[in-house]
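Given the coordinates of chain A, work out where chain B should sit on it, guided by the hints.
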Amino acid sequence: GIQVEQSPPDLILQEGANSTLRCNFSDSVNNLQWFHQNPWGQLINLFYIPSGTKQNGRLSATTVATERYSLLYISSSQTTDSGVYFCAVERGGYNKLIFGAGTRLAVHP
Amino acid sequence: GAVVSQHPSRVICKSGTSVKIECRSLDFQATTMFWYRQFPKKSLMLMATSNEGSKATYEQGVEKDKFLINHASLTLSTLTVTSAHPEDSSFYICSAALAGARIYEQFFGPGTRLTVL
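Protein chains in written order, with this note's numbering: chain A, 1 to 109; chain B, 1 to 117.
Next up, chain A with everything else stripped away, as it sits in the complex (with noise of 0.2 angstroms):
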């Protein structure tokens, strides 16, 4: 089956600082979603981003779809961005998210 990879695995930050979080996943795919789970365990859907680039206020995320990954940018980061970020690729006709293993983001004052 596909496979998703992400990195860092965890990723230690000051607060304002910027980050780069990255999505590779091994076959073409349909659709991508990042999402961040926070503290409580809910999933915030972030971006629905199968190719491209968007943007959300401190938030953008780009997606090379032939070249199977995908970023997501954190710019000016705060506290409450602390939790696990994961990207989830879906492969087409199977509806299917095959979640990545994840970043854990812990931003400090």
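Since the hints were derived computationally from the structure, they do not count as laboratory data.
Here are the computed distance ranges between Cβ atoms for each label pair: (1) SER54/B with ARG22/A: 33 to 41 angstroms; (2) LEU74/B with ASN30/A: 17 to 25 angstroms; (3) HIS108/A with LYS66/B: 37 to 45 angstroms.
Bear in mind the structure is a predicted one, so any value in this text is a computation, not a measurement.
All C-beta atoms in this analysis are idealised placements derived from N, C-alpha and C, irrespective of residue type, glycine included.
Just chain B now, with coordinates in the frame of chain A:
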């Protein structure tokens, strides 16, 4: 929009009892819902795909008689953990798919933490 709720948020039960978890899409209709399991500090693992009005499709290794799934309406799916044992303790999360032209985005419920004593 695209809000998914789960109930209960937390449940503690004795070994051998059954527990039902509800997943509702509050502001949209979902022909497909999904059930995931997450162990501490691990990623989400898909357990089954639930389609309204038909039998659920289970992932390899998931016991369908242990984890009963019912999707009786376009806004409600239930997961029943039958004869629960301590190894069933986990965080269970559902999602509902919002489908449109060229879009198939999943939205997740807040999760249910099950502890089996």
